[in-house]
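These protein sequence lines are chains A and B, in that order.
Quick note on numbering: the first sequence equals residues 1 to 275 in this note's numbering.
Quick note on numbering: the second sequence equals residues 1 to 213 in this note's numbering.
In case anyone wonders, no lab produced these hints; they're calculated from the structure.
A few of these clues could be false.
As the list claims (entries may be wrong) - Just some of the chain A residues that point at chain B, by a computed CB distance under 8 Å:
no.: 1; residue: A30
no.: 2; residue: P33
no.: 3; residue: I55
no.: 4; residue: L57
no.: 5; residue: R84
no.: 6; residue: F91
no.: 7; residue: E93
no.: 8; residue: F97
no.: 9; residue: Q113
no.: 10; residue: P145
no.: 11; residue: N146
no.: 12; residue: R218
We treat Cβ as the ideally placed atom computed from N, Cα and C, and that holds for glycine.
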Amino acid sequence: MPDKDNTIVEFEKVNMQFGNIWALRDINFALKPGETRVIFGQAGAGKTALLKSAIGLLHPDSGEVDLFGQNVTASRERDLYTLRSKAGVLFQEGALFDSLTIRENVAYPLENQRATTPPAPDEIEHRVRETLRFVELEHTLDKFPNELSGGMRRRVGIARAIVTEPPFVLYDSPTAGLDPITANTIMALIAKERDVRHTASLIVTHRYQDGELMANFRYNPEKQELIPVSEEEHHDPTRSRTKFFVMKDGEIVFQGTRAQLEENDDSYVKRFVRH
Amino acid sequence: MDIIGVGSIPIVLLTGFFSGGIIALQMARALNTYGAASQVGSIVSITLVRELGPVLTALLVAGRNASAIASELGSMKVTEQIDAMRALGTDPSQKLVTPRLIATAVMLPCLTVVADAVGLFGAYLVACPLLRLLSARQYWNSSWTALLYSDFAQGLIKPFLFGMIIALVGCFYGLRASGGTQGVGRATTQAVVVACIWVFVVTFVLDKIFVNL
């Protein structure tokens, strides 16, 4: 049984259906601080439902989801504000507020979170600039989302998700629809965020390269670049902080390390592995 | 308040003006039959202040703003902006519903007063310079003395309630929108239709209350 006090999120026998379709089916797992789960699966497999259930945006039909040790499934919306303020979310298309500037978008959680007192305006400005610098978009402060490219919007979405420095970040298809170079830039930022701030993350993606990058590289603050991790870590499940899920019809049909994923013989699982 | 209130002024001015003028034209013919053409001012003022001013203005604002609110919030819903607000630990109701509710509830009575005033002026133009039924002094005097305090109360309470209904219906359908752009269109249409129906239902209920007072 996982130690609930030291668990970011835990799913216990979680089931959810939309009509006759299983969105989540007997989901059980626990995510510890600093760990990453990369979730693969075909469209409609339940990846986004899993992500949204983790922070109470969707409520399962049965089972229990604990976020930071608190039962999300039994909580009312108003009781979830505090929990959600400790999590950052990047939505599929960024979900930036299109009537607000980039500065206002990134400042939004700082100014409006109901569970926290807003910092002073100078502090907000400082943190917004710092976070936008982190995603290399400080020059876009006064632009509107529709003036940015898809990749830039996704990076602003990351900035908005991490501006409050949450210990847990969820990424819903961060690279979907982007060219390979922009996709790698985004994933490098996610890896950097994980290693600089030691955040736990759930990453939904269709690209095997995204998971590969998360599992194979670490951000080196001295060199300010991503460096490959050692081969032993790949093959030692106890040392690997990045694990993979493959979902099918709401079920997790595979969970394990990158090495285990690549060695798996299941024809469905193999579809998500690039050999 | 600027978009809902100031933005609605042109259409409220036009509608109010022509409503007053049309009532005066129709009433002039009917009242002439009984030799009571001098009463046109009182009839127009009572009709406008009690009923037509609040209801017509509410229907216009429902068409203009319930649709705008529903489509704006509906677009935010289908592009996951509402989910983003919730996920970021903020309350979408507080950020999106409350300001729209206050703005509509405050601005609709103001717009109704404007519509009433312009309607009375439109009726004056028809009754005095155009049809020469009575003098300007007679018209304004009969318009003013015909009104009771309860008429003013009705004329202000109704738009206040209508404003709340319009904003809440617009927000309700907007926040429930699903199914992409088609869903936003459906939510917008439903918001306008339901808001208009509620305007008539509440008018009936309030009239029943005021008539019995």
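Evaluated hints:
no. : hint : result
1   : A30  : violated (21 Å)
2   : P33  : violated (19 Å)
3   : I55  : holds (6 Å)
4   : L57  : holds (6 Å)
5   : R84  : holds (4 Å)
6   : F91  : holds (5 Å)
7   : E93  : holds (7 Å)
8   : F97  : holds (6 Å)
9   : Q113 : holds (4 Å)
10  : P145 : violated (10 Å)
11  : N146 : violated (12 Å)
12  : R218 : violated (28 Å)
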